[in-house]
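Enquirer: As a plain string of letters, each chain reads:
There are 4 protein chains.
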Amino acid sequence: MANLLIVYASDYGSTKKAAEAVAAGVATVNGCTATIREAEKATLDDLSAADGLILGSPTHMGSMDWRVKKFIDTVTAAAWMKGIFIGRAGGVFMTGGGYGGSGGGCELTMLAMLNDLAELGALIVPLPNSTPGYAKAGLQWGPYGRSHAEDGKPIGLSDDKLEVFRHHGANIARAAALLKGARIFQTQGG
Amino acid sequence: MANLLIVYASDYGSTKKAAEAVAAGVATVNGCTATIREAEKATLDDLSAADGLILGSPTHMGSMDWRVKKFIDTVTAAAWMKGIFIGRAGGVFMTGGGYGGSGGGCELTMLAMLNDLAELGALIVPLPNSTPGYAKAGLQWGPYGRSHAEDGKPIGLSDDKLEVFRHHGANIARAAALLKGARIFQTQGG
Amino acid sequence: MANLLIVYASDYGSTKKAAEAVAAGVATVNGCTATIREAEKATLDDLSAADGLILGSPTHMGSMDWRVKKFIDTVTAAAWMKGIFIGRAGGVFMTGGGYGGSGGGCELTMLAMLNDLAELGALIVPLPNSTPGYAKAGLQWGPYGRSHAEDGKPIGLSDDKLEVFRHHGANIARAAALLKGARIFQTQGG
Amino acid sequence: MANLLIVYASDYGSTKKAAEAVAAGVATVNGCTATIREAEKATLDDLSAADGLILGSPTHMGSMDWRVKKFIDTVTAAAWMKGIFIGRAGGVFMTGGGYGGSGGGCELTMLAMLNDLAELGALIVPLPNSTPGYAKAGLQWGPYGRSHAEDGKPIGLSDDKLEVFRHHGANIARAAALLKGARIFQTQGG
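Protein chains in written order, with the working numbering: chain A, 179 to 368; chain B, 179 to 368; chain C, 179 to 368; chain D, 179 to 368.
Among the clues, some could well be false.
Because identical chains cannot be distinguished in the list, a pair is counted as satisfied if it fits within a single copy or across any two copies.
Derived lysine to aspartate or glutamate pairs resembling DMTMM-like cross-links, with alpha carbons at most 25 Å apart [as the list claims (entries may be wrong)]: (1) K260 / D189; (2) K194 / E216; (3) K260 / E198; (4) K358 / D337; (5) K358 / D189; (6) K248 / D189; (7) K260 / E341; (8) K219 / E198; (9) K195 / D337; (10) K314 / E218; (11) K194 / D223; (12) K314 / D338; (13) K248 / D337; (14) K248 / D224; (15) K260 / E218.
The hints are simulated quantities; they were obtained by calculation from the structure and are not laboratory data.
Model the full structure from these sequences, guided by the hints.
Expert: Structure (structure tokens):
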């Protein structure tokens, strides 16, 4: 009963693959559908029609891909002005380099995307550490899939890392369906 | 139908006053009750019995009061080990200095408290900018009330700033009530 | 003896005005010069020639303007690959809305820009709270100037807020001059 | 010619081991000495006597150990009131769990400690990715050493991860020595 909009940017195809895994997870939830959009093609109509927004990006110098940021500045800012996304659901996912073993700036990148969701008034769905597949690609703010070798070469997102992305999609879909029709915020019309 | 646990630390009484405003907001929601605990007295039993957790702190050198951190390290970490808070609701609020006009580190402080809620697997309730009273004490992550003058002296939390704290409490209570009985995460028992 | 590169984006002219104040501060330091570039026009040659980088942006939905992010992704990432900025100086500044009284996401925005400087290996120059003018537009990570009224309308950056921007420029210039010729990191050539 | 104060908390000894590696790095720099203090024993006199401050902590629920936070709230806040640390050097390091492969909240934890250093007016020394040993335990904000197995059991900090901690100590020592006697901020006495 909920439609989830997945907006992403991808350089080598890993974040695209991650977005498809998130969408596959959404589709496992009864009555839920996913719309995947490249960041530069997503529109305000896409966002208005969605019950939940899931943002995905590679890490670039410790923050999100500029194309995702452009979507945020131009499309989500318009939604924020109108208050149309208040009380819906949101979440994030990422891919990135493996160099250093610490996520390479993934947490601050996720928080910047989550800041947009908070500004929109969306409830934020985290990723519990008991989610199947968490040990392969989990962080409390959302899935983070290593797509580069230690030497920095892109190696793609291996299939064992996709499981937690699928669960994250399903989790957010269930949250969006639950919130649809509910009225959490006084500012929402009744 | 939901019980909200409000855990806070306070130096001069402003965060305590803010906690009471949040609790008053919770009580406006049909069937919801609030339990207020000083950080050093809150227990795992308090947390286990709660459908939502609301953390409040003053800003100290750009992060939360150490007493709130001690509660997180000792009490919430035990809840995290057992996964008992997954799928419940969470939110944050703060008070702090007015020096500089930019919140003095409130955002990073709120994010550190939200990191605990994300680790616990709680859905995070933001503060929409159309909430009544937002202009006096609002930030997208939760209410932030200035309780010091520009010269750094504590002046308390004026009443006009409390409105947005009350609404934040009511919002989180509604979210906690909605989530109670729902099953967002696969890791939650059925 | 040091050349500072100031890269910014501006919507209504406030961040441009802030950039000019930062540059004026740089020029007060003996032998230091400032080069101001709009984010979309700054090049790798500009960056290579600089002893320090100062990034400025308005806040958009809790993170930096996408044009600054595009500069980071395309220009600074190339500098990072070559390690050419290691051991130089860096800092940030911002402008933004006044709604809510808490900086509206300025801290996380500054941190995303600082993440780029950290990745580049630049020493980060903060803003001490005893800096003249801090009370008007100060945050520990750098100056933050309110350029909108409480109702969201752009009102420009008033002159009383520019003082702290000038000092921040001078501080970073002194740091860049000191670091020039020094060798802090083992990875720097000797 | 510089004295570095290293303040840490440790649960199983890994952060203590990391602190000792940082101190060993400091000692490789001509004329520099390191003082190691457990967070609960560090004093304002220790801080006043130091030319640089290096904070280390394990990750607990996505933020620093409460004992480090208590040091920040009680000792560094007193230094901040007096402005005695303005223009000195600072840096951070961490240890933490390996679960999830993304650092488990290490970035936000480091930023909370860096927020204290920024408030103090210390120049922040990052960790360039070309530092020897970075691939084993590096993050742009400082070293992060995994000290737990994927199943959460503490396994200690293996020796191959210590190299980057030593270099970070040496880097901060060189920065502290350079800054000693320099005058970056107008607010510093001359």
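Enquirer: Hint by hint, say whether it matches the structure.
Expert: We went through each hint and held it up to the structure:
Proximity of K260 and D189 under a CA criterion of 25 Å is satisfied inter-copy only: 20 Å between copies versus 32 Å inside one chain copy. Within a single copy, K194 and E216 get their C-alpha atoms as close as 9 Å, which meets the 25 Å cut-off; across copies the closest is 31 Å, which misses it. Neither within a single protomer nor between protomers do K260 and E198 lie at most 25 Å apart by alpha-carbon distance, with minima of 30 Å and 32 Å respectively. Taking CA atoms no more than 25 Å apart as the test, K358 paired with D337 passes in neither setting, with 32 Å inside one copy and 34 Å between copies.
Taking the closest pair of Cα atoms, K358 and D189 never come within 25 Å of each other, the shortest separation being 34 Å inside a single copy and 36 Å across copies. Taking CA atoms no more than 25 Å apart as the test, K248 paired with D189 passes in both settings, with 16 Å inside one copy and 14 Å between copies. Proximity of K260 to E341 under the C-alpha cut-off of 25 Å is restricted to the inter-copy arrangement: shortest distance 22 Å between copies versus 36 Å within a copy. Within a single copy, K219 and E198 get their C-alpha atoms as close as 16 Å, which meets the 25 Å cut-off; across copies the closest is 35 Å, which misses it.
Proximity of K195 to D337 under the C-alpha cut-off of 25 Å is restricted to the intra-copy arrangement: shortest distance 10 Å within a copy versus 36 Å between copies. Within a single copy, K314 and E218 get their C-alpha atoms no closer than 30 Å, and across copies no closer than 36 Å, so neither meets the 25 Å cut-off. In the homo-oligomer, the alpha carbons of K194 and D223 lie at most 25 Å apart inside one protomer (21 Å), although the nearest pairing across protomers, at 33 Å, exceeds that limit. Taking the shortest alpha-carbon separations for K314 and D338, both the intra-copy value of 7 Å and the inter-copy value of 22 Å come in at or below 25 Å.
For a Cα distance limit of 25 Å, the shortest separation of K248 from D337 qualifies neither inside one copy, at 30 Å, nor across copies, at 30 Å. Proximity of K248 and D224 under a CA criterion of 25 Å is satisfied in both settings, with 15 Å inside one chain copy and 24 Å between copies. In this homomeric assembly, K260 and E218 come within 25 Å of each other (Cα to Cα) only inside a single copy, at 21 Å, whereas the closest approach across copies is 29 Å.
When held up to the earlier numbered hints, the structure conflicts with 3, 4, 5, 10, 13 and fits the remainder.
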